[in-house]
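Protein chains in written order, with the working numbering: chain A, 1 to 112; chain B, 113 to 223.
Honestly, the hints are just simulated from the structure, not real lab data.
Watch out, some of these pointers could steer you wrong.
[As the list claims (entries may be wrong)] The calculated lysine-lysine pairs, modelled on BS3-like cross-linking and capped at a C-alpha distance of 30 Å, are:
| no. | chain 1 | residue 1 | chain 2 | residue 2 |
| --- | --- | --- | --- | --- |
| 1 | B | K182 | A | K45 |
| 2 | A | K99 | A | K69 |
| 3 | B | K182 | B | K138 |
| 4 | A | K57 | B | K140 |
| 5 | A | K45 | A | K95 |
| 6 | A | K57 | A | K71 |
| 7 | A | K99 | B | K192 |
| 8 | A | K57 | A | K37 |
| 9 | A | K95 | B | K182 |
| 10 | B | K138 | A | K37 |
| 11 | A | K45 | B | K125 |
| 12 | A | K99 | A | K71 |
| 13 | A | K68 | A | K99 |
| 14 | A | K99 | B | K182 |
| 15 | A | K37 | A | K99 |
| 16 | A | K68 | A | K95 |
| 17 | A | K99 | A | K45 |
| 18 | B | K140 | A | K37 |
| 19 | A | K37 | A | K69 |
| 20 | B | K125 | A | K37 |
| 21 | A | K57 | A | K69 |
| 22 | A | K57 | A | K45 |
| 23 | A | K68 | A | K45 |
| 24 | A | K95 | B | K140 |
| 25 | A | K37 | A | K71 |
| 26 | A | K99 | B | K138 |
| 27 | A | K99 | B | K140 |
| 28 | A | K37 | A | K95 |
| 29 | B | K192 | B | K125 |
| 30 | A | K45 | B | K140 |
| 31 | B | K125 | B | K138 |
| 32 | A | K95 | A | K57 |
| 33 | A | K45 | B | K138 |
| 34 | B | K182 | B | K140 |
| 35 | A | K95 | B | K138 |
| 36 | B | K182 | B | K192 |
| 37 | A | K69 | A | K95 |
Every value quoted in this text rests on a predicted model; they were computed, and no experiment measured them.
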Amino acid sequence: GEQVEQLPSILRVQEGSSASINCTYENSASNYFPWYKQEPGENPKLIIDIRSNMERKQTQGLIVLLDKKAKRFSLHITDTQPGDSAMYFCAARAKAGAKLTFGGGTRLTVRP
Amino acid sequence: AQTIHQWPVAEIKAVGSPLSLGCTIKGKSSPNLYWYWQATGGTLQQLFYSITVGQVESVVQLNLSASRPKDDQFILSTEKLLLSHSGFYLCAWTSSAETLYFGSGTRLTVL
Numbered sequence: 001g002e003q004v005e006q007l008p009s010i011l012r013v014q015e016g017s018s019a020s021i022n023c024t025y026e027n028s029a030s031n032y033f034p035w036y037k038q039e040p041g042e043n044p045k046l047i048i049d050i051r052s053n054m055e056r057k058q059t060q061g062l063i064v065l066l067d068k069k070a071k072r073f074s075l076h077i078t079d080t081q082p083g084d085s086a087m088y089f090c091a092a093r094a095k096a097g098a099k100l101t102f103g104g105g106t107r108l109t110v111r112p
Numbered sequence: 113a114q115t116i117h118q119w120p121v122a123e124i125k126a127v128g129s130p131l132s133l134g135c136t137i138k139g140k141s142s143p144n145l146y147w148y149w150q151a152t153g154g155t156l157q158q159l160f161y162s163i164t165v166g167q168v169e170s171v172v173q174l175n176l177s178a179s180r181p182k183d184d185q186f187i188l189s190t191e192k193l194l195l196s197h198s199g200f201y202l203c204a205w206t207s208s209a210e211t212l213y214f215g216s217g218t219r220l221t222v223l
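With the rest of the complex left out, here is chain A (with noise of 0.2 Å):
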């Protein structure tokens, strides 16, 4: 199986700063990462992934990086908004047709 964890549960920060997520998975033979947003209420909504090929990945705002060797991975936000706040998950999978693992969440609060 895959384990997830995700550090921080609750982060809250200034409007216009970035916000970081940082998760690590124990397998190594996970290759799929994506990151979903949950708002109040909502469905989880797929933001951005990332697969074991790429290192580095970039769209709208939003960077994903991943460290296969320390078995790492992590979403930053630049330039937050107050509509960034929301739930972010991480999640893992090590080979297709297999589980996704979610992480536990991160409370992202975008303070004007």
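With chain A held as given, fit chain B onto it using these hints.
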């Protein structure tokens, strides 16, 4: 485009009563379908998955069962609800690229 529909949107049920939650996906043939559960403020826990009609695998036992009666339908049920069943139930499917997409969810409150 694929669409996933879950019903009901919310349920308030008594302990010991039965439950049936449904999920239908349109626009994709033979989808892999999943049921996830999320406690309030908690993480996402996979309960069941199904790769074809009539075939369901259990991931976590929570006194729940699931069935896949049609290619586009996934049902979650129990005959006797427990207080611990309260939470947010999410149906999900994976694309050909193995990306997981969630339905809008059913909020269940057991009293």
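Legend entry - Hints violated by the structure (numbers, ascending): Of the numbered hints given earlier, the structure breaks none, since each of them holds.
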